[in-house]
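Student: With the hints as extra help, turn the sequences into a complete structure.
There are 2 protein chains.
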Amino acid sequence: MGALRPWARYGLLAVAHLLALGLGATVLQALEGPPALRLQANLRAELATFQAEFGACLPAGALEELLGTALVAQAHGVSSLGNGSEARNWDLPSALLFTASLLTTTGYGHMAPLSAGGKAFCVAYAALGLPASLALVAALRHCLVPLLSRPGAWVATCWQLTPPRAALLQAVALGLLVVGVFVLLPALVLWDVQGNCSLLEAIYFCFSSLSTIGLGDLLPGHGSGLHPVLYHLCQFALLGYLLLGLLAMLLTVETFSELPQVRAMVKFFGSSGPVNAEDEGAILGQDELALSNMPPSAAAPAQAPAC
Amino acid sequence: MGALRPWARYGLLAVAHLLALGLGATVLQALEGPPALRLQANLRAELATFQAEFGACLPAGALEELLGTALVAQAHGVSSLGNGSEARNWDLPSALLFTASLLTTTGYGHMAPLSAGGKAFCVAYAALGLPASLALVAALRHCLVPLLSRPGAWVATCWQLTPPRAALLQAVALGLLVVGVFVLLPALVLWDVQGNCSLLEAIYFCFSSLSTIGLGDLLPGHGSGLHPVLYHLCQFALLGYLLLGLLAMLLTVETFSELPQVRAMVKFFGSSGPVNAEDEGAILGQDELALSNMPPSAAAPAQAPAC
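If you read the sequences in order, they're chains A and B. Its first residue numbered 54, the first sequence is counted upward by one per residue in the working numbering. Its first residue numbered 54, the second sequence is counted upward by one per residue in the working numbering.
It is worth saying that the hints were derived from the structure and are not from the lab. Check the hints yourself; a few may be wrong.
[Stated by the list, open to error] With the Cβ distance kept under 10 Å, some of the chain A side facing chain B (calculated, not the full set):
no., residue
1, LEU76
2, PRO87
3, PHE107
4, ASP144
5, PRO166
6, ALA185
7, ALA188
8, VAL208
[To be verified] To be clear about the criterion: a stretch of chain A counts as covered by chain B if any three or more of its residues have a C-beta under 8 Å from a C-beta of chain B, and this derived list gives those stretches:
no., segment
9, 62 to 73
10, 93 to 102
11, 119 to 131
12, 149 to 163
13, 167 to 179
14, 248 to 261
15, 304 to 312
Yeah, the Cβ is synthetic: ideal placement off N, Cα and C, and Gly gets one too.
Tutor: Structure follows, in structure tokens:
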């Protein structure tokens with residue numbers, strides 16, 4: 054890989070990325086194609102049966118029109134089922150959860166703005182709020198990442214590990230801790246509390262929230278006809294989970310990205326300009342520098358940057 | 054602000070963030086509450102009318118059951134309307150778009166896995182693919198950000214601007230270029246091509262995609278009964294847009310985060326440990342260091358880090 058010119062390396066990386074996308078797509082196609090077709094067939098059969106049994110009394114298109122309205126309404130989070138005992142759509146807890154899903158870029162989509170004003174406000178709010186959130190996380194990072202590196206320093210001295218190994222061990226421990234506390238534990242709680250979802254679905258939901266993918270196909274408490282107070286408690290719990298869990302996730306990602314091993318790997322693929330103290334310092338902060346004394350990567354040949 | 058202890062500053066920042074969340078929620082509640090209630094009322098009225106007119110022939114609950122099935126199917130992207138001429142759900146272009154929405158964390162949610170195997174695969178795929186994507190972006194950043202800083206260096210010499218001003222001008226110009234090319238231009242194209250959406254909705258969609266919020270309430274071409282070939286072209290266009298647009302967005306965010314002005318602001322709120330060359334280098338890369346010679350921020354008093 055070191056012998057290839059930089060543009061060839063990037064090209065290879067990009068192609069590998071696209072191949073990975075394709076591979077994932079093919080696997081999902083194989084896993085999901087049949088269930089989706091079955092669901093579609095069931096739905097069509099139900100529609101056909103319905104039409105056959107009751108079509109005589111229904112004018113042509115009346116049922117489709119009704120279905121269409123109900124589906125459009127659901128796309129914006131308005132439920133057509135239930136007797137209204139569920140909390141209203143844009144009450145404060147739901148709206149808070151929605152704005153949090155905007156600013157964390159999770160974007161569940163179980164609720165979405167209907168009005169032009171609402172859409173315009175969402176764009177403006179996110180355009181201002183996202184940079185502010187990033188700045189907040191950067192500020193918190195300055196404070197928390199050095200705190201997190203202290204256990205590593207202690208372990209390094211106690212067990213006499215080399216600084217890079219101590220950093221790796223610490224990052225892995227932090228990663229496991231965050232996964233345990235912010236994915237597995239909440240998934241177990243959710244699985245226990247919410248009767249109709251499996252442990253896998255609970256883990257799937259927690260992971261999809263914390264990675265900010267936020268598919269939104271499963272939302273705890275949503276549509277389950279809970280008492281409004283309980284439902285609001287669920288929403289506030291989810292809100293807190295989203296904010297704290299994402300902070301934890303971001304700190305973990307930061308910790309991993311500052312590992313000398315990861316830096317070396319990125320450098321290996323990356324620009325091969327002269328490596329010097331400022332470049333090394335480009336990711337390592339003050340405390341991490343104390344931990345990791347690995348010399349500038351020997352893997353990156355000294356060429357002028359030519360991309 | 055400088056007189057406050059670090060923990061008080063962070064507390065203030067966190068409170069400000071929560072207040073901003075609350076403010077957004079209140080505004081959206083005011084904007085969206087009434088339209089959602091109206092939609093719900095319309096839907097209930099339609100249901101009631103339907104029941105009144107045809108309820109005699111329908112057994113109790115038959116309609117609700119049918120609606121329930123249709124809504125659940127839609128939540129997973131299976132459409133109950135249309136005569137099947139629309140491309141099948143998990144065909145390759147749709148699956149590609151789905152995996153791209155996973156790896157970019159956009160997560161539209163217009164399609165979602167039904168089977169347990171599919172959900173487990175999504176978790177594993179994203180857990181491996183997201184770090185790989187981040188590493189790819191880090192590698193590309195090494196190459197592209199220095200390239201992007203060259204115009205700034207040229208402008209600095211030609212117009213004899215101070216390096217921080219040249220960096221700011223360059224960042225703003227890059228931001229405007231990216232917004233123009235990746236938000237406004239695609240929105241105009243989408244508005245022109247897709248008959249049933251306004252320019253605001255097109256901008257809203259482009260912004261929601263590039264910010265990775267991905268609410269998924271509007272998806273170009275989806276459900277519009279296009280010819281399958283055209284629909285696939287739409288999907289590939291969206292795929293390319295997502296990947297390139299996000300890369301452009303990330304590079305812009307990176308460029309802004311490396312501005313001395315932004316660094317100073319984050320430092321002002323952030324940890325007030327001793328500032329030195331490694332810390333300065335923590336964000337400035339090699340080429341940016343040449344552009345911005347601002348001394349370590351005087352705003353951060355020299356205290357031992359105490360959070």
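Student: Would you mind marking each hint as holding or not holding in the structure?
Tutor: For each hint, the structure was consulted:
A cut of 10 Å between beta carbons decides the hint on A/LEU76: the least distance to chain B is about 8 Å, and the hint holds. Using the Cβ-Cβ criterion of 10 Å, the hint placing A/PRO87 at the interface with chain B is satisfied: the shortest such distance is roughly 8 Å. Restraint check, A/PHE107 versus chain B: the minimum CB separation of about 5 Å is within 10 Å; hint holds. Below 10 Å, beta-carbon pairs count as interface contacts, and A/ASP144 has one with chain B at about 7 Å; its hint therefore holds.
This hint holds: A/PRO166 has a C-beta 5 Å from the nearest C-beta of chain B, less than the 10 Å allowed. The criterion of a C-beta within 10 Å of any C-beta in chain B is met by A/ALA185, whose closest approach is roughly 7 Å, and the hint holds. At about 6 Å, the closest approach between the beta carbon of A/ALA188 and any beta carbon in chain B falls short of 10 Å, and the interface hint on this residue holds. A least Cβ separation of about 20 Å between A/VAL208 and chain B goes past the 10 Å threshold, and the interface hint is therefore violated.
By the rule of at least three residues with a Cβ nearer than 8 Å to a Cβ of chain B, the coverage given for the segment 62 to 73 of chain A holds, with 5 such residues. Interface restraint, the segment 93 to 102 of chain A with chain B: holds (6 residues with C-beta to C-beta distance below 8 Å; minimum three). Residues of the segment 119 to 131 of chain A lying with their CB closer than 8 Å to a CB of chain B number 12, which satisfies the three-residue condition for coverage. Restraint check on the segment 149 to 163 of chain A versus chain B: 12 residues with Cβ-Cβ distances below 8 Å, three needed, restraint holds.
Under the rule that three or more residues need a Cβ within less than 8 Å of chain B, the assignment of the segment 167 to 179 of chain A holds, with 12 such residues. Under a criterion of three residues with beta carbons nearer than 8 Å to beta carbons of chain B, the stated coverage of the segment 248 to 261 of chain A is upheld, 7 such residues being counted. Restraint check on the segment 304 to 312 of chain A versus chain B: 3 residues with Cβ-Cβ distances below 8 Å, three needed, restraint holds.
Figure legend: structure checked against the earlier numbered hints; the only hint not met is number 8.
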